[in-house]
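Chemist: Each chain, letter by letter, is given below.
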Amino acid sequence: MANDENREEEKKGSSPNSVPEPEGAGAGEECVIEATVGKVETVDAESLPGDATIALAEPLMMAERAEGCEAESNDEEPGVVRAAYEHPTAIRITHWVNAISLFVMVTSGLRIFRAFPSFGPKIPEKILIDVPKSLTLGGWLGGALQWHFTFMWFFAASGIFYVVYQIASGHYRTLIFTPRDVPGVWPMARHYFFFGPKPQQTGQYNALQKLAYTSAIGFGALSLLTGIVLYKPAQFSWLAFLFGGFHLTRIWHFAAMCGFLAFIPGHLIMVALHGWSNFYSMLSGWKREPEYQE
Amino acid sequence: MITRIDEKELKRQSRRQLLKLAPVAALGIFAFPKVRDRLVEAGVRFSDWAAGETFRSQHRAQTFSDSEVVPFEKFPYNGYDVLDPEVDLERWTLTVEGDVQHPGEYKLEQIQALPKVSQNTRHVCVEGWDVVGSFGGSLISDFLKLVGANTSARFLEVECVDDYYESIDMASALHPQSLMCYEMYGRPLDRKHGAPLRLQMPTKLGYKQAKYLDTVRVTNVLKAGRTGYWEDQGYSWFGGL
Numbered sequence: 001m002a003n004d005e006n007r008e009e010e011k012k013g014s015s016p017n018s019v020p021e022p023e024g025a026g027a028g029e030e031c032v033i034e035a036t037v038g039k040v041e042t043v044d045a046e047s048l049p050g051d052a053t054i055a056l057a058e059p060l061m062m063a064e065r066a067e068g069c070e071a072e073s074n075d076e077e078p079g080v081v082r083a084a085y086e087h088p089t090a091i092r093i094t095h096w097v098n099a100i101s102l103f104v105m106v107t108s109g110l111r112i113f114r115a116f117p118s119f120g121p122k123i124p125e126k127i128l129i130d131v132p133k134s135l136t137l138g139g140w141l142g143g144a145l146q147w148h149f150t151f152m153w154f155f156a157a158s159g160i161f162y163v164v165y166q167i168a169s170g171h172y173r174t175l176i177f178t179p180r181d182v183p184g185v186w187p188m189a190r191h192y193f194f195f196g197p198k199p200q201q202t203g204q205y206n207a208l209q210k211l212a213y214t215s216a217i218g219f220g221a222l223s224l225l226t227g228i229v230l231y232k233p234a235q236f237s238w239l240a241f242l243f244g245g246f247h248l249t250r251i252w253h254f255a256a257m258c259g260f261l262a263f264i265p266g267h268l269i270m271v272a273l274h275g276w277s278n279f280y281s282m283l284s285g286w287k288r289e290p291e292y293q294e
Numbered sequence: 001m002i003t004r005i006d007e008k009e010l011k012r013q014s015r016r017q018l019l020k021l022a023p024v025a026a027l028g029i030f031a032f033p034k035v036r037d038r039l040v041e042a043g044v045r046f047s048d049w050a051a052g053e054t055f056r057s058q059h060r061a062q063t064f065s066d067s068e069v070v071p072f073e074k075f076p077y078n079g080y081d082v083l084d085p086e087v088d089l090e091r092w093t094l095t096v097e098g099d100v101q102h103p104g105e106y107k108l109e110q111i112q113a114l115p116k117v118s119q120n121t122r123h124v125c126v127e128g129w130d131v132v133g134s135f136g137g138s139l140i141s142d143f144l145k146l147v148g149a150n151t152s153a154r155f156l157e158v159e160c161v162d163d164y165y166e167s168i169d170m171a172s173a174l175h176p177q178s179l180m181c182y183e184m185y186g187r188p189l190d191r192k193h194g195a196p197l198r199l200q201m202p203t204k205l206g207y208k209q210a211k212y213l214d215t216v217r218v219t220n221v222l223k224a225g226r227t228g229y230w231e232d233q234g235y236s237w238f239g240g241l
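Top to bottom, those sequences are chains A and B.
To convert, note that position 171 of the first sequence is 171 in the working numbering; the numbers rise steadily by one, no gaps.
To convert, note that position 188 of the second sequence is 188 in the working numbering; the numbers rise steadily by one, no gaps.
Wrong hints could be hidden among the right ones.
In silico EDC-like pairs for lysine to aspartate or glutamate, Cα to Cα no more than 16 Å straight-line [claimed, not checked]:
hint, chain 1, residue 1, chain 2, residue 2
1, A, Lys122, B, Asp163
2, B, Lys107, B, Asp214
3, A, Lys232, B, Glu127
4, B, Lys74, B, Asp232
5, A, Lys232, B, Asp48
6, A, Lys232, B, Glu53
7, B, Lys74, A, Glu125
8, B, Lys192, B, Asp232
9, B, Lys11, A, Glu289
10, B, Lys8, A, Glu289
11, A, Lys122, B, Glu127
Just a few of them, taken from the derived set where beta-carbon distance is under 8 Å, the chain B residues facing chain A [to be verified]:
hint, residue
12, Lys8
13, Leu114
14, Pro115
15, Val117
These are computed hints drawn from the structure, not numbers from a lab.
Glycine included, C-beta positions come from ideal geometry on N, C-alpha and C.
Work out the full structure, taking the sequences as your base and the hints as a guide.
Modeler: Listed below in structure tokens is the structure:
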């Protein structure tokens, strides 16, 4: 925050109204040199407490005025941008492995569901949802199972690695929804859905984002655990018992997928709305000009 | 952590970080139709291997009380072509061959003379449905003792009157709930459920429970493309629960 004040001060100080524009080409060159000197001093000042920064900046501005030269503020200097390294490599890799495997798991899972699209008894069989074939992967039940049984390993491995990494690195604090985030949910929802004012954001993620990401991790854990039960209900009989038996577990597994199907469109729409720099940050880790302050 | 960074440096760092994602692109190999079939088949084989390695040979599947069993009429008939291959029940014998001390033809009475096990267990179909049924029969392990099978052999192969065929791992065959089943709901198997003899293993999926058994073979080698009717078309061979 101190830096922002600093910048504001500098802008005021260097406004064209109070300072005559330089005329000759020579004067302009001199300006560049001065600005460079100014930058060096300001950067040094950044390491000092806020008050000291302002105190240091003031004499600098006075010097600039005296020289009759418009200095670039530190922020606007060509070639220097605000940026944040938001997504560590481990997060980026697991995000994309997860995105690919989730796509395969959902589409092949829907093909598996088509073989018995019901949660009731086999006799009489009532079709609950007729999933269009075009939305599914694998061609037939056996093919879909091959995709499912292959990508479950990628899904599980990236999911488990992700959670372990989040906890070990402490990075989870930026995105786990806690009771402290509850008051932030409504203002953010009002902004997104009812064109309300945009609330001030202090961290990497707002309350709604935290809620969405935390839920998605929950859906992942639920689909993995229920998937283990459906795959080996006899070997993991204790886990089957926890979910209310094999039959009910199949419903939980489907519900976890519905959770993902609710999360993914919202996630994609928000990514599309926030533009390239935001999207690119999940590829490069770096976000240019983050919209939040620290 | 927001920092201020030189634009060129940011671009350089971004490119460097982007390159670190290269390993993810390896998954793109699944987009090539020529290799992807082999890859997902390998995925199933890996899953089968893991399932076989972690199979708990003495761990019992859940059993149920009589009140939890579905009515006989609600236990589905499932077959791959005909439900009743018109087995001649009078003259039926089971051919036993392979790595056994006493190969030959066995009558149903000889199998029924073994200690009888009755159990209410869950029958799970690969399609996703499940029913709790009531099954009676002899333990496969007792039958293997009767015929003097080498139980350190790896596989049990079965062939059926209707040309269906299956094979299972020895550990699953020896499981204390794996049956040579000749009864359902306290009555002799009816024709559509696989009379006179079928496999019933609560640690295996439905398609492993071959019906109308004709031949049992103890072996160490499975012929490629002859591991099971559905398995040869892409189902998991282990098919364990």
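Chemist: Each hint: holds or not?
Modeler: Evaluation of the provided hints:
1. Simply put, Lys122(A) and Asp163(B) have alpha-carbon atoms about 26 Å apart, too far for the 16 Å limit, and the pair is violated.
2. Proximity of Lys107(B) to Asp214(B) is assessed by CA-CA distance (about 11 Å); at most 16 Å being required, the pair is judged to hold.
3. With a C-alpha separation of about 14 Å, the suggested pair Lys232(A) and Glu127(B) falls inside the 16 Å cut-off, and the hint holds.
4. At most 16 Å may separate the alpha-carbon atoms for a hinted pair to count; Lys74(B) and Asp232(B) exceed this at roughly 29 Å.
5. For the suggested pair Lys232(A) and Asp48(B), the alpha carbons sit about 11 Å apart, so the restraint of at most 16 Å is met.
6. Proposed proximity of Lys232(A) and Glu53(B) is supported: the alpha carbons are some 13 Å apart, at most 16 Å.
7. With a C-alpha separation of about 11 Å, the suggested pairing of Lys74(B) with Glu125(A) holds against the 16 Å cut-off.
8. Using a Cα cut-off of 16 Å, the hinted pair Lys192(B) and Asp232(B) is violated, with the two alpha carbons roughly 24 Å apart.
9. For the proposed pair Lys11(B) and Glu289(A), the alpha carbon gap of about 13 Å is at most 16 Å, so the pair holds.
10. Our distance criterion of 16 Å between C-alpha atoms is met by Lys8(B) and Glu289(A), whose separation comes to about 14 Å.
11. Between Lys122(A) and Glu127(B) the CA atoms are separated by roughly 10 Å; this keeps the pair inside 16 Å, and the hint holds.
12. Look at Lys8(B): its Cβ gets to within about 7 Å of chain A, closer than 8 Å, so that hint holds up.
13. Because the closest C-beta pair between Leu114(B) and chain A is about 24 Å apart, greater than 8 Å, the hint is violated.
14. Violation of the interface hint for Pro115(B) is found here, the shortest Cβ-Cβ separation to chain A being roughly 23 Å, above the 8 Å cut-off.
15. Interface hint at Val117(B): violated, since its Cβ lies 17 Å from the closest Cβ of chain A, which is beyond the 8 Å cut-off.
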